[in-house]
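> Since chain A is already given, all that's left is putting chain B on it; use the hints.
Number of protein chains: 2
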Amino acid sequence: MATRGAYAKGVVKREEILEAALAVVAEHGYRKASVREIADAAGLSPAGLLHYFGTKEELFVAILRARDDRDEQEYAGEDVVQAFLAVTRHNASVPGLVQLYAQLAAEAGDPEHPAHAYFRERTARVEDFTRAQVAADQQAGLLRDDLDPAWIVRTMHALADGLQSAWMLDPSLDMAGEIEQFLVLLRPSH
Amino acid sequence: MATRGAYAKGVVKREEILEAALAVVAEHGYRKASVREIADAAGLSPAGLLHYFGTKEELFVAILRARDDRDEQEYAGEDVVQAFLAVTRHNASVPGLVQLYAQLAAEAGDPEHPAHAYFRERTARVEDFTRAQVAADQQAGLLRDDLDPAWIVRTMHALADGLQSAWMLDPSLDMAGEIEQFLVLLRPSH
Numbered sequence: 001m002a003t004r005g006a007y008a009k010g011v012v013k014r015e016e017i018l019e020a021a022l023a024v025v026a027e028h029g030y031r032k033a034s035v036r037e038i039a040d041a042a043g044l045s046p047a048g049l050l051h052y053f054g055t056k057e058e059l060f061v062a063i064l065r066a067r068d069d070r071d072e073q074e075y076a077g078e079d080v081v082q083a084f085l086a087v088t089r090h091n092a093s094v095p096g097l098v099q100l101y102a103q104l105a106a107e108a109g110d111p112e113h114p115a116h117a118y119f120r121e122r123t124a125r126v127e128d129f130t131r132a133q134v135a136a137d138q139q140a141g142l143l144r145d146d147l148d149p150a151w152i153v154r155t156m157h158a159l160a161d162g163l164q165s166a167w168m169l170d171p172s173l174d175m176a177g178e179i180e181q182f183l184v185l186l187r188p189s190h
Numbered sequence: 001m002a003t004r005g006a007y008a009k010g011v012v013k014r015e016e017i018l019e020a021a022l023a024v025v026a027e028h029g030y031r032k033a034s035v036r037e038i039a040d041a042a043g044l045s046p047a048g049l050l051h052y053f054g055t056k057e058e059l060f061v062a063i064l065r066a067r068d069d070r071d072e073q074e075y076a077g078e079d080v081v082q083a084f085l086a087v088t089r090h091n092a093s094v095p096g097l098v099q100l101y102a103q104l105a106a107e108a109g110d111p112e113h114p115a116h117a118y119f120r121e122r123t124a125r126v127e128d129f130t131r132a133q134v135a136a137d138q139q140a141g142l143l144r145d146d147l148d149p150a151w152i153v154r155t156m157h158a159l160a161d162g163l164q165s166a167w168m169l170d171p172s173l174d175m176a177g178e179i180e181q182f183l184v185l186l187r188p189s190h
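In the order they appear, the protein sequences are chains A and B. Sequential numbering from 1 applies to the first sequence in full-length UniProt numbering. Sequential numbering from 1 applies to the second sequence in full-length UniProt numbering.
Isolated chain A (complex conformation) (with noise of 0.2 Å):
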């Protein structure tokens, strides 16, 4: 019992380290929020910090999981193009959230990186989950039919992150009104 109690302990301190981090990066961007900054918004010291986690890269894919969760709570049983507008919206609030998945998400191509698998289970989940519900807005007639459900849900995330850079460089870019432009072909013609 002692060490469920142990262990309890760990899974809140756990969260309340990856709510500092989440807000230490949304402030200051990834390649500036250092273990140490982190360690100290959670007041723990560095190696403190990386005791709950190990590295800093699974730190930080911790931190992505845990935005995950926030999201998908966030928007659960809302309309999925709704929902996928409302993310893109708040992205451009969280800056530094971007920007940490943005380069992870470039590493991550190494199949050795430690956020390799996170972002291939990432793609695997969101994608089987939205390719349901838009197969279902085909069914509705509340897009068109004619194309491939697979092929609209690749082609909305690739337009998301591909965005996500473009918006980076230019932080004027309007990113959900680049995809709401999108969706207008996605629409039945009547």
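Any given hint might turn out to be false.
What follows is a list of derived Cβ distance ranges for each label pair [said to hold, decoys possible]:
#, chain 1, residue 1, chain 2, residue 2, range
1, B, Asp79, A, Ser189, 23 to 33 Å
2, B, Lys9, A, Leu173, 37 to 47 Å
3, A, His90, B, Lys9, 48 to 58 Å
4, A, Leu173, B, Ala140, 27 to 37 Å
5, B, Asp79, A, Glu180, 27 to 37 Å
6, A, His90, B, Glu58, 27 to 37 Å
7, B, Gly10, A, Glu78, 57 to 67 Å
8, A, Val12, B, Pro188, 52 to 62 Å
9, A, Glu121, B, Pro111, 27 to 37 Å
10, B, Glu180, A, Gly141, 24 to 34 Å
11, A, Gln82, B, Arg89, 32 to 42 Å
12, A, Gln73, B, Glu19, 19 to 29 Å
Everything labelled a hint here was simulated from the structure, so no lab data went into it. None of the values given here were measured: they were computed from a predicted structure. Where is the CB? At the ideal position from N, CA and C, for every residue including glycine.
Just chain B, lined up with the frame of chain A:
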């Protein structure tokens, strides 16, 4: 004249180094392409290599510029959409360069990063050139004329960047095939 000769020699040497660096990055990838490895391939010491480029980041930006020059020469005069598809297909054969581009693009979101100016200039140059050609294709009836050519170009650019990220995680993805399906949506209806 001696100075001019030395300058011309420097330019030639710089070209040779870029050729060697392109080959090393294309073969081994960005993360694994060390300054030492590129120096070895160019027959220089690491210090000798950096004499020509200043820093590792500036060397990598020079590699991307050399690749842009080559792609632009290779497809000069071709239809813009066909050239875009041809570059996309070619990219699937040089994963190291795709990785270098994606990694530097993600880092370059930070205005203080040495590649920031390169990526902003590249986006402006490529999109200005492509937009004029897309507008001409619209006038010629090859593309729908009810879509903003600037939006078409930004979307093709973002889609290509996003598909590169997806392809790095899953090399079975057919990047050019995905884009061809998007292009179908841009065709005028008859």
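> The structure should be examined with respect to each hint, and the outcome stated for every one.
Hints and how they fare:
1. The hint said 23 to 33 Å for the Cβ distance between B/Asp79 and A/Ser189, and at roughly 27 Å that hint holds.
2. At roughly 43 Å, the beta-carbon separation of B/Lys9 and A/Leu173 lies within the given 37 to 47 Å, and the hint holds.
3. Checked against the hint of 48 to 58 Å, the C-beta distance between A/His90 and B/Lys9 comes to roughly 54 Å, which is consistent with it.
4. Between A/Leu173 and B/Ala140, the C-beta spacing of about 29 Å keeps the proposed range 27 to 37 Å intact.
5. Range check, B/Asp79 to A/Glu180: Cβ separation about 29 Å, and the 27 to 37 Å hint holds.
6. A C-beta distance of roughly 35 Å is found between A/His90 and B/Glu58, which places it inside the suggested range of 27 to 37 Å.
7. At roughly 59 Å, the beta-carbon separation of B/Gly10 and A/Glu78 lies within the given 57 to 67 Å, and the hint holds.
8. Between A/Val12 and B/Pro188 the beta carbon distance is about 60 Å. The supplied range of 52 to 62 Å therefore holds.
9. With their beta carbons about 33 Å apart, A/Glu121 and B/Pro111 fall inside the hinted range of 27 to 37 Å.
10. B/Glu180 and A/Gly141 have their C-beta atoms about 26 Å apart, which keeps the hinted 24 to 34 Å range intact.
11. Our hint of 32 to 42 Å for A/Gln82 and B/Arg89 holds, since their Cβ atoms are close to 35 Å apart.
12. Hint check: A/Gln73 to B/Glu19, Cβ distance near 52 Å, so the stated range 19 to 29 Å is violated.
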